[in-house]
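Please take these sequences and the hints and turn them into a complete structure.
In case you want the letters, here they are:
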Amino acid sequence: MTQVNEFPVSQNADKVLDHFTLFRQPEYQALFKRKKDEFEFGHSDEKVAEVSEWTKSEEYKAKNFAREAVVINPTKACQPIGAMFAAQGFEGTLPFVHGSQGCVAYYRTHLTRHFKEPNSAVSSSMTEDAAVFGGLNNMIDGLANAYSLYKPKMIAVLTTCMAEVIGDDLQGFIANAKKKDSVPEEFPVPFAHTPAFVGSHIVGYDNMMKGILTNFWGKSEDLETPKTEKINIIGGFDGYAVGNNRELKRIFGLMGIDATILSDVSDVFDTPGDGEYRMYDGGTTLEETKEALHAKATISLQEYNTPQTLQFCKEKGQEVAKFNYPMGVAATDELLLKLAEITGKAIPASLKLERGRLVDAIADSHTHLHGKRFAVYGDPDFCLGMTRFLLELGAEPVHILSTSGSKKWEKQVQKVLDGSPFGKDGAAYGGKDLWHLRSLLFTDRVDYIIGNSYGKYLERDTKIPLIRLTYPIFDRHHHHRYPVWGYQGALNVLVRILDRIFEDMDANTSVVGVTDISFDLVR
Amino acid sequence: MSLAVNKDLDVKGLVDKVLEAYPEKSRKRRAKHINVLEAEAKDCGVKSNIKSIPGVMTIRGCAYAGSKGVVWGPIKDMIHISHGPVGCGYYSWSGRRNYYIGDTGVDSFGTMHFTSDFQEKDIVFGGDKKLHKVIEEINELFPLANGISIQSECPIGLIGDDIEAVARLKSAEIGKPIVPVRCEGFRGVSQSLGHHIANDCIRDWVFEKTSPVEGFESTPYDVTIIGDYNIGGDAWASRILLEEIGLRVIAQWSGDGTLAELENTPKAKVNLIHCYRSMNYIARHMEEKFNIPWVEYNFFGPSQIAESLRKIAALFDDKIKENAEKVIAKYQPMVDAVIAKYKTRLEGKKVMIYVGGLRPRHVVDAYHDLGMDIIGTGYEFAHNDDYQRTPHYVKEGTLIYDDVTAFELEKFVEELRPDLVASGIKEKYVFQKMGLPFRQMHSWDYSGPYHGYDGFAIFARDMDMAINNPVWNLTKAPF
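Chains as they are written, first to last, in my numbering: chain P, 5 to 527; chain W, 6 to 484.
Hints were generated in silico from the structure; no laboratory data involved. Quick reminder that beta carbons are idealized off the backbone N, C-alpha and C, glycines included. It cannot be assumed that every hint is accurate.
[Claimed, not checked] Partial chain P-side listing against chain W, Cβ under 7 Å, derived: (1) PHE24; (2) LEU26; (3) VAL52; (4) LYS80; (5) ALA81; (6) THR113; (7) HIS114; (8) ASP145; (9) GLY146; (10) ALA148; (11) ASN149; (12) ALA200; (13) VAL202; (14) TYR281.
[Stated by the list, open to error] Using 30 Å as the maximum straight-line C-alpha spacing, the simulated DSS-like pairs for lysine-lysine come out as follows: (15) P/LYS37 - W/LYS331; (16) W/LYS30 - P/LYS157; (17) W/LYS331 - P/LYS40.
Put into structure tokens, the structure is as follows:
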């Protein structure tokens, strides 16, 4: 038991101590010890240390990889958040999530924490009675309220797993709500069933994109209209969409390409701080979306986000092409060549110059990248794009992991690895999670981890530095404003990786008189 | 400080104007949730704990959030399975800053996300079989976990799974408590029912099935902290004061808490309740069943802290009462210095609050201690008894809004132009775009602790940081 004046007051008005330093003060250290010793009845330090070591072993890894049921720290969310993201990229669009209301609070929170921007979506707030009788009335009242209050140009309806389990029929419900004048008959209300127990957020993205296009492109007589020279681009669920979409538009401008980005969140998730809150800003206009049917081609930059959508575009007579989160020199080359091939526009000298500058930068830094071993995790397309870029840099992708990854994806990654001598130690892990990755990192170490903010726990446990390059990034700010696509984007990625390598190098050579012989000024 | 707020404003007129945007039926319903506090009012005059209207952008969450996210999640030595599809656990993974000490993944599991990741076949054929396997795998991979809770997501209650049967069977098999929680998100109208269900599960599956830990010896000075989730270390900054006045905090519910602490709680002499809304149920149960009295306290701001310390000490002997005075005196110089430094920068600033079920009233006097005025406040998921406790803190003329919609809050703030909005992450950027200072009052905006004397200094610094940052002068371009 502590005595009243055993410790002086550490807190100080001049230099306020918050959680970073307050709890390191002796009075709190003593408190922690007392709580642990007298009240927690936990395991002995020896036992904890022993089990901790065991979790790092080959034996543990084998048990860990034998898991069939429990998923621990996955790299995937559920369908609706992907559908919401897709819908939010359209002009004046309010996502309407049919089902339990808590889900919407979660999606909005997650996206807001990443983009540091407001995120608007409504729920039909279904509860027990709706579980029994169905959510039709929630749809009727909900659409009317959302339409009156938030004055959207479009309401995109998606579902939570509750509505899916009880089998609510969106098409019928929306038609019913329109009959009851919840929204005008001609008001666009595209929809997508997005069961959380099928696929993940990237499937939800695909479902909503197809739902919105179906809404605008549905009428078959439109197919008679000849195709234009325009093309459509679909970015997929992308935490860097703000920077990436702007970079794509810059490239289109340089090439003279008339392109529509279907679901463009770049201005939606980056509104100015000028005293005015814009609930809606930017986004693909509904007119453009409608016209996009007549585009000659649709290009997806994330294959695994768009299988159904691309199939749909194909059925509408469009040429389609798909990429896997194109990062780096060759992936950008391929994208530009494809754009040139489809549109007949030449790749301008200015882009060639950017390419040259990127290659020059890589050459300048290659000594720090060559042979460095990496673990990469995230969405399937991101992993593919990142792996390719690492191989270009002479780095060695070793563990490539995606909870949303399929067998087909594993083969695709393997093919990329097989294409380079730097890929010889690499392996793809589809359907695995970050607790699997923890075992991999302990038993087959790498130099760096590339992933998102959730990777910080792996960094803490393994002491392997983490480079945050994919959604969600909660604990670093504003990265999403910088592109990672195109030659400029590749340069950004290169610098992020190099910065982390150099910081790590300095941190490991900073003990005076011991390791600081290598604390070089010039690197 | 004045005795009333919003004196020269037609706040009632503003409310009517804002509500005009709703369709008739919804306008009538929403009107019952908004009021302007009258002088000498016994409660706030608003309806509460009622279903949210569809389509209005309520800020509320669900029962799962109330159970897994609030009550159970912080119990650090147990593994909490988000049972159902992958999303719920993913979105609530590490979001709430329930600080704890432990070896994560070995003997503590607070910042991990365990899910049964339901697939279509689990929905069609039921998930009990999978749950068996999930528990077996957890037991093998995490031998030092002291128990498991099953946090039900929406589908569980809809497909008719029998998680209680699984829990009983597997608990006997692995020899550790397994707690099935029926906190499906569609139950109730907000997080609040999730708190209640979670409380009931502690009653039925911890108190009823386990007993105080062998070797635990009680003393006449044993108390518990109930309803403190240790956001940014709040419970520690509270515990230290209780220990200093000579009490033994035998359990923390549930921030940095352990199963043993839950089990030993019936040995307490008094249960001290901070978040009344989320944990009054278990306190009432223990009063009935074990004759343990409970008392509400408030550790936000020096006025309330001193009052609470005296109130708590009054339940014990003279030694404790003397100690309480000594502790208050010990921290007074630091508190005086904090107020001297920050009050001049914050005096007269107007605040609008919108948070969960406790803070919309509990933090009010901390603002008053800094000379600030609350001109509007409201709860996401309060009940009548919370609104009855609120007039004690806020002044005549305060705008009260229950389950406010994003639309209403935006309009109220636009018209009343407070100097600070204190709410959650979903609201933060809306108001910052308007050029208004903002603090998150769920997560302490990644700061904290805010409880206790140590926390008050941080609270004061943070409010000053928000209001007096030069960025707000840059909002308008000079061209």
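Structure-based check of all given hints:
{"no.": "1", "hint": "PHE24", "verdict": "9 Å, violated"}
{"no.": "2", "hint": "LEU26", "verdict": "6 Å, holds"}
{"no.": "3", "hint": "VAL52", "verdict": "5 Å, holds"}
{"no.": "4", "hint": "LYS80", "verdict": "6 Å, holds"}
{"no.": "5", "hint": "ALA81", "verdict": "5 Å, holds"}
{"no.": "6", "hint": "THR113", "verdict": "6 Å, holds"}
{"no.": "7", "hint": "HIS114", "verdict": "5 Å, holds"}
{"no.": "8", "hint": "ASP145", "verdict": "5 Å, holds"}
{"no.": "9", "hint": "GLY146", "verdict": "3 Å, holds"}
{"no.": "10", "hint": "ALA148", "verdict": "5 Å, holds"}
{"no.": "11", "hint": "ASN149", "verdict": "4 Å, holds"}
{"no.": "12", "hint": "ALA200", "verdict": "4 Å, holds"}
{"no.": "13", "hint": "VAL202", "verdict": "6 Å, holds"}
{"no.": "14", "hint": "TYR281", "verdict": "4 Å, holds"}
{"no.": "15", "hint": "P/LYS37 - W/LYS331", "verdict": "24 Å, holds"}
{"no.": "16", "hint": "W/LYS30 - P/LYS157", "verdict": "23 Å, holds"}
{"no.": "17", "hint": "W/LYS331 - P/LYS40", "verdict": "26 Å, holds"}
Checked against the numbered hints given earlier, this structure breaks only hint 1.
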